[in-house]
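Number of protein chains: 2
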Amino acid sequence: MDTQIEIICIGNELLIGKTLNTNAQWMAKRATSLGITVKRITVVGDDVNEIANAIRETLKRKPRFLITTGGLGPTFDDKTLEGIAKALKRKLRVDENALKTIKEKYEAYAKAGKLGKIELTPHRVKMATLPEGAKPLPNPVGTAPGVLVELENTFLIALPGVPSEMEAIFEESVAPLLRKEAGNLMFFEASIYADKIMESTLAPLIDKTMHDNPYIYIKSHPKGEEKKPHIEIHFSTTAKNSQTAKNRLGKAIVQLSELIEKSGGKVKQKKAK
Amino acid sequence: MDTQIEIICIGNELLIGKTLNTNAQWMAKRATSLGITVKRITVVGDDVNEIANAIRETLKRKPRFLITTGGLGPTFDDKTLEGIAKALKRKLRVDENALKTIKEKYEAYAKAGKLGKIELTPHRVKMATLPEGAKPLPNPVGTAPGVLVELENTFLIALPGVPSEMEAIFEESVAPLLRKEAGNLMFFEASIYADKIMESTLAPLIDKTMHDNPYIYIKSHPKGEEKKPHIEIHFSTTAKNSQTAKNRLGKAIVQLSELIEKSGGKVKQKKAK
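In the order they appear, the protein sequences are chains A and B.
For our numbering, count along the first sequence from 1 and bump the result up by 428.
For our numbering, count along the second sequence from 1 and bump the result up by 428.
Hints are supplied without guarantee of correctness; some may be wrong.
Put simply, identical chains are the same to the list, so a pair is met inside one copy or across any two.
Unchecked claim - Think about it this way: if two alpha-carbon atoms lie no more than 27 Å apart in a straight line, the pair counts; the simulated BS3-like pairs of lysine-lysine are: (1) K490 / K624; (2) K679 / K446; (3) K608 / K696; (4) K539 / K651; (5) K624 / K539; (6) K467 / K490; (7) K655 / K531; (8) K488 / K467; (9) K679 / K651; (10) K533 / K694; (11) K514 / K490; (12) K514 / K488; (13) K533 / K636; (14) K467 / K446; (15) K488 / K608; (16) K624 / K545; (17) K533 / K651; (18) K533 / K446.
Keep in mind the hints are simulated off the structure, nothing from the lab.
Taking the hints into account, I'd like the entire structure generated from these sequences.
Here's what the structure looks like:
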């Protein structure tokens with residue numbers, strides 16, 4: 429059984445199309461590279477009920493990991509912790525360790541910027557106000573900590589939406605946890621490019637190659653048009669070691685390349701311009 | 429009551445982080461600009477059950493529109509129509525109109541490319557195999573048609589994943605439908621940029637400005653760090669006409685800019701480099 433993760437991205441800016449969801453791609457790629465299967469990505473707005481509903485629905489599917497990004501900052505519309513508390517029916521309370529860290533950060537900012545004393549206003553205390561039973565995860569590059577809640581089936585982790593902060597907490601605190609849970613299968617991939625063959629002509633050749641190579645998944649990505657085709661063909665497999673993966677990928681690539689050339693197509697290992 | 433849309437993006441390439449989900453951003457932006465509220469975006473893989481589950485769960489929330497992208501092509505892993513049929517408990521059957529269009533397209537490709545006769549293989553017929561009661565939507569730039577199913581509460585629309593095809597069908601067949609259902613409210617937005625003020629200092633100033641400007645939504649997007657802040661502040665409103673929107677946005681921008689300057693921050697209308 430593979431180890432599964434779901435990702436929930438929180439922010440109105442994603443739903444109005446203001447922001448391209450690079451966080452989802454980054455995290456999906458990292459989790460996949462660590463041998464975890466990404467099952468679903470959900471995007472909701474800055475609304476406590478929407479967040480709580482998405483979390484509740486996801487937990488019912490029992491992924492080993494549920495990671496949220498966004499909504500941990502000091503403003504009124506940073507509602508992720510409230511949403512988690514609501515989904516889990518837990519109270520929010522100030523976490524003394526998180527508060528101490530935040531206080532020290534502002535003292536350091538004040539000193540570095542010669543800003544005088546920076547008060548611990550309610551908006552700053554909010555970043556240390558966590559659902560009961562949650563643990564703060566250190567933020568090496570920003571102020572708001574990440575948050576970890578260990579549930580019966582799932583590690584629920586909340587990360588900030590600012591990419592540099594999300595990535596830093598992920599690498600420091602989340603990646604080791606994923607690695608530990610991942611089992612010993614890793615993900616490997618390779619692409620070739622085919623010209624002069626329509627995707628609909630390629631389709632049965634892929635079927636045949638996948639049938640003969642049961643551990644290989646092949647997906648075609650048309651980059652041109654059906655009538656003037658330029659198609660990326662992506663091969664992937666999960667394996668215990670890279671030698672097994674390379675052998676499998678190589679065998680499938682050779683077989684499909686030959687089938688394509690026989691059908692009048694042209695195969696390139698590298699992307700054309 | 430606002431008119432709501434949900435988007436489901438289908439494709440393993442999104443879940444392994446191979447592909448950045450530009451389709452979701454493009455469609456979210458277009459729907460928002462047409463006065464529709466995007467409530468949720470869901471990404472699932474090329475799996476009939478995952479697709480069917482996501483569709484069923486979404487339909488329960490009764491959005492006016494549910495649009496899927498991806499999974500309409502000729503290969504084995506194009507499973508969207510099968511997923512829709514399963515979610516709706518409808519049979520799949522060859523749509524004669526869709527098949528006729530596809531046949532004509534391949535005849536034209538054959539003629540243009542001097543390819544001889546192109547057979548209507550099972551993989552090509554598959555693109556015309558729609559859930560019962562579905563209508564094909566013409567694809568002005570590719571082969572696979574879009575698909576429309578009118579349900580009791582929801583227009584369910586399936587579009588291809590190739591961006592140029594998705595966008596062309598959207599503009600030709602979907603945008604007019606969204607426009608008709610949108611009511612008379614449009615979405616307006618504007619941004620300013622603030623330096624030398626921490627997001628946690630800005631937070632209560634945003635609260636005050638939103639309190640005094642009840643139709644304005646304000647969201648801060650930190651682009652620097654808390655200790656060396658550079659923050660985009662995004663203002664948005666929905667209104668019946670642009671004059672009302674401009675007046676509202678202008679009033680809120682002036683008020684918040686003054687509050688920021690009073691707190692020692694610097695406001696710019698334009699993005700700093």
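Exercise for review: Quick one: which hint numbers does this structure break? Sort them smallest to largest.
Suggested key: 1, 3, 18
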